[in-house]
Structures are given as C-alpha cells and as structure tokens.
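Student: Chain by chain, the residues run as shown.
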Amino acid sequence: MSNLRQKVLVLYLKMPTLESEVIAWATYDGTGKNLHMAGDSNAPPYPTGLDALLDGWRLFQASQSIPEQPGKEFRTSYLKYEFFFEKIENAEN
Amino acid sequence: MSNLLTTKQMAEFTASGCLFFDSLISDEINIKFLEDIGHTEFDNIDINKHFENIKLTSSIPRIKAGTPLSKSYSESSPLNKIFNNDVLKGAINSLVGSKCMIDHHFLHLTFPTKYFDTNNSRQMSQPNHQDSTIDPRKTFDIQVFYFPTDVTKDMGGTRYIPGTHLRIVNDTGIARYQNILGQKHIVCKAGTVGIFHHGLWHGAGINFSDHIRYMFKIRLAPTEKQELLWDPEKKYTPLSNRALFWTEENTDITVNDILIKKYPWEDDTHRLEIINRIKMWRLLTGDTDLDIDYWMTRVENEQY
Numbered sequence: 001m002s003n004l005r006q007k008v009l010v011l012y013l014k015m016p017t018l019e020s021e022v023i024a025w026a027t028y029d030g031t032g033k034n035l036h037m038a039g040d041s042n043a044p045p046y047p048t049g050l051d052a053l054l055d056g057w058r059l060f061q062a063s064q065s066i067p068e069q070p071g072k073e074f075r076t077s078y079l080k081y082e083f084f085f086e087k088i089e090n091a092e093n
Numbered sequence: 094m095s096n097l098l099t100t101k102q103m104a105e106f107t108a109s110g111c112l113f114f115d116s117l118i119s120d121e122i123n124i125k126f127l128e129d130i131g132h133t134e135f136d137n138i139d140i141n142k143h144f145e146n147i148k149l150t151s152s153i154p155r156i157k158a159g160t161p162l163s164k165s166y167s168e169s170s171p172l173n174k175i176f177n178n179d180v181l182k183g184a185i186n187s188l189v190g191s192k193c194m195i196d197h198h199f200l201h202l203t204f205p206t207k208y209f210d211t212n213n214s215r216q217m218s219q220p221n222h223q224d225s226t227i228d229p230r231k232t233f234d235i236q237v238f239y240f241p242t243d244v245t246k247d248m249g250g251t252r253y254i255p256g257t258h259l260r261i262v263n264d265t266g267i268a269r270y271q272n273i274l275g276q277k278h279i280v281c282k283a284g285t286v287g288i289f290h291h292g293l294w295h296g297a298g299i300n301f302s303d304h305i306r307y308m309f310k311i312r313l314a315p316t317e318k319q320e321l322l323w324d325p326e327k328k329y330t331p332l333s334n335r336a337l338f339w340t341e342e343n344t345d346i347t348v349n350d351i352l353i354k355k356y357p358w359e360d361d362t363h364r365l366e367i368i369n370r371i372k373m374w375r376l377l378t379g380d381t382d383l384d385i386d387y388w389m390t391r392v393e394n395e396q397y
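So the protein lines, in turn, are chains A and B.
So for the first sequence, my numbering puts the first residue at 1; every next one is plus one.
So for the second sequence, my numbering puts the first residue at 94; every next one is plus one.
Pulled out of the complex, with its shape left as it was, chain A reads as follows:
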C-alpha cells in the first residue's frame, strides 16, 4: 500500500469567490501527523481561498449558489460558501 495520504482543508469564505476572506475552517490530516479538532486555532490558516491555492492546495469541490426559498428569503442557516481543498502527502516523512 502506498504511503501517500490525503489532507483535506475546508474553507468557508465571505463570498462565493476564492479571493474573499476566510471566516471558518477545518483541517483533516490523513497522514496522521496532526490531529485537528473544534476550537484548536483562532486564526485562519490562510487569509483567502486564493492564498490556499498559491500554497499548493488543490480545489476539488465548491458549494453551489442556491436561491432562497420563497417566503424564507431572510432566513439564515449554514455557512454558504464552502470550498474543499486537498494535498497528497507522504505519511512517513
């Protein structure tokens, strides 16, 4: 079995565009080198989504823009602009 493992970075941005600021984030490290969890950092890993790309993260999923339900236009719920990035790293280094 290969030692290559996936690291996943999830960024929530202020707007649906990658150059907007990070407002929430999560990291899952498949190499097992770091264990991330709720509340473990108060500063975002990158200022914007674009900065993550510049650092080598590959975008593999972005949230869609979904119209608000009629009659519930002012309801707020989950964070809207979710971007999934990955890096593939060697688990043994």
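These are calculated hints, taken from the structure and not from any lab test.
Treat the hints with care, since some could be wrong.
[Unchecked claim] Label pairs and their in silico Cβ distance ranges:
hint, chain 1, residue 1, chain 2, residue 2, range
1, A, Ser-65, B, Tyr-387, 20 to 28 Å
2, A, Glu-86, B, Met-217, 21 to 29 Å
3, A, Ser-65, B, Asn-394, 21 to 29 Å
4, B, Ile-124, A, Tyr-78, 42 to 50 Å
5, A, Tyr-28, B, Asp-139, 32 to 40 Å
6, A, Pro-47, B, Lys-327, 45 to 53 Å
7, B, Thr-344, A, Tyr-78, 32 to 40 Å
8, A, Glu-19, B, Asn-96, 43 to 51 Å
Virtual Cβ for every residue (Gly too), placed ideally from N, Cα, C.
With the hints as your guide, set chain B onto chain A.
Tutor: Showing chain B alone in chain A's frame:
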C-alpha cells in the same frame, strides 16, 4: 424588585445571543455548591462513582420538564441561592419572565488529560453545535451557564460564537466548522454566570489542566410573551431614522449601534443578520413597525 436588565443589555443579547456576569455568585455559595456535589481532586476519585454520588447525594434534584423554576430547588440548596441572586433573577425575569419553566438542567464535567491517558482513549473537544433540535420559533429559551470554580485557559472553557443564535440549523449540522472567526473561549473566575440564547453555537473545549472542569447548565423557557419584560413602565421608544451612509457626529454608542454590530464570521449575509435582529427586537419591544436604518422599511415597501 430584582435588578432587571437595561435596554442596552437587552440589545446586546439580541445582537450577540449572550450576556456574562463575572464573579456574580459569592465564594461562599460556590464552595457550598462544590461540597454539595462531592467535589474532590481528580486523583482521589473514581469517575463512575463520582457521577453516581452526584445523582444520589447532591441537592441537584430530578426535575420534570415543564416545572416552574420558582418551585424547582429546595430553599436551603446552593442552587436556590444562585437563582435568587438579584442580578441573575433580574436577567432571567427580563428575558423569559418570572413564570419561566425548566426544560432541563445538567451538571457538565470535563475531564483532564490524565483521565484519557489512563483509559487509552482520544481526548477531543466537543464539536460546535446548537441546542437542541432545529427550532424555527420566534419565542426563545435561554440557557444559564454557571461556573463554580475558576476556569483557566488550559481548562478548555465553553467555546461560543457571538451572533450565531438566529441561524436556523440542526444540532451538530455545524460540526464541520472546526474554527470560526471571532470564536470565544470562556476563561473566568469562580461564580461567573453566562446566559445564552438557545440558538447560540457553542461547544466544550479540551481540559489540559489537572482538574475537573464543572459547568452547571439550565435551560429555561418562557410561559408568556417576551415583550418589554425588562421595562415595567413599557416606555420603550425607538430611535428615529438616520441619514444612511453619513457619519454621525455623535459618537455615543446607541441601542441601534449595538443591534447592528457586525461579527467577524459574518459573510455577505450580514444585512440578513440585521433584519433578523430587528425582527427579534420588534417582538421584544412590542413595536411591530420599528426599524433600524431602513433595513425593514425598504423590503416592506410593497405597493402591489
């Protein structure tokens, strides 16, 4: 008459979803509370026995959901003294009324790292969540958090995200948000009390200290409209409209300034947050036409 909240405190609760009262409960009562639950240092206890002892011997009663708060705790118990504190009683009466009822109460214990070391289990923080299910009501419940000991930074005090309480989500549906810009972690002196809107996003941190962290939580529900409960004279008058996008010469922080405050995590839905706060403020003041900076008037100006 207990100490009711001020209008600015009510506005702060409407905007942030929380209020804090530092060192509100006296050391004497904090110590009685700890004695009552059989608190001892972690090294001296068996965790399961500790839980059993709390259930069997403490004055924390088994309370049926829907019981009035005023009839829930025996007169001599530390909890009765806590909930008769003038400031806390005033805050509860202001938010959910003097006839409020208990949804549930629970003594939360967060164990230190050595507990997980001895059990060979992974020590993780509690994910962000919203209590308790998806809840689209206009009425709101409150959750009172009482900390009977000092909570130091390494004890992993409750994490919370001010301003998230009006978002309609379901329980741990927000758990993927490991960290949110502007999140806070409670660090406080013994006797501190926090009051959360039921919708406020929160979670327990990791306890890296050598001591058990205790937090007694009680959820209270109103049995009446939450309209001007903090204002017995019912005299609230909204501020008049301002010229939009003009800087005011007066730098005093008004009630409206508090209500439209922006929190760091807010994305391009900030204006929707303001609209939802205005809707809550209309219910609290009983003024169904009230507006702040034209946010509601604009979208309610329907001519067809």
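Student: Are the hints correct? Go through all of them and say.
Tutor: Hint check:
1. A hinted range of 20 to 28 Å holds for the C-beta pair Ser-65 (chain A) and Tyr-387 (chain B), which are about 27 Å apart.
2. In this structure the hint that Glu-86 (chain A) and Met-217 (chain B) lie 21 to 29 Å apart at CB holds, the actual value being about 23 Å.
3. Against the hinted window of 21 to 29 Å, the Cβ-Cβ separation of Ser-65 (chain A) and Asn-394 (chain B) comes to about 27 Å, which satisfies the hint.
4. The given range of 42 to 50 Å is respected by Ile-124 (chain B) and Tyr-78 (chain A), whose C-beta atoms sit roughly 43 Å from each other.
5. The beta-carbon spacing between Tyr-28 (chain A) and Asp-139 (chain B), approximately 35 Å, falls within the hinted interval of 32 to 40 Å.
6. Our hint of 45 to 53 Å for Pro-47 (chain A) and Lys-327 (chain B) holds, since their Cβ atoms are close to 48 Å apart.
7. For Thr-344 (chain B) paired with Tyr-78 (chain A), a C-beta distance near 36 Å keeps the hint of 32 to 40 Å intact.
8. The hinted window of 43 to 51 Å between Glu-19 (chain A) and Asn-96 (chain B) holds, with their beta carbons roughly 49 Å apart.
Hint check: no violations occur; every hint is consistent with the structure.
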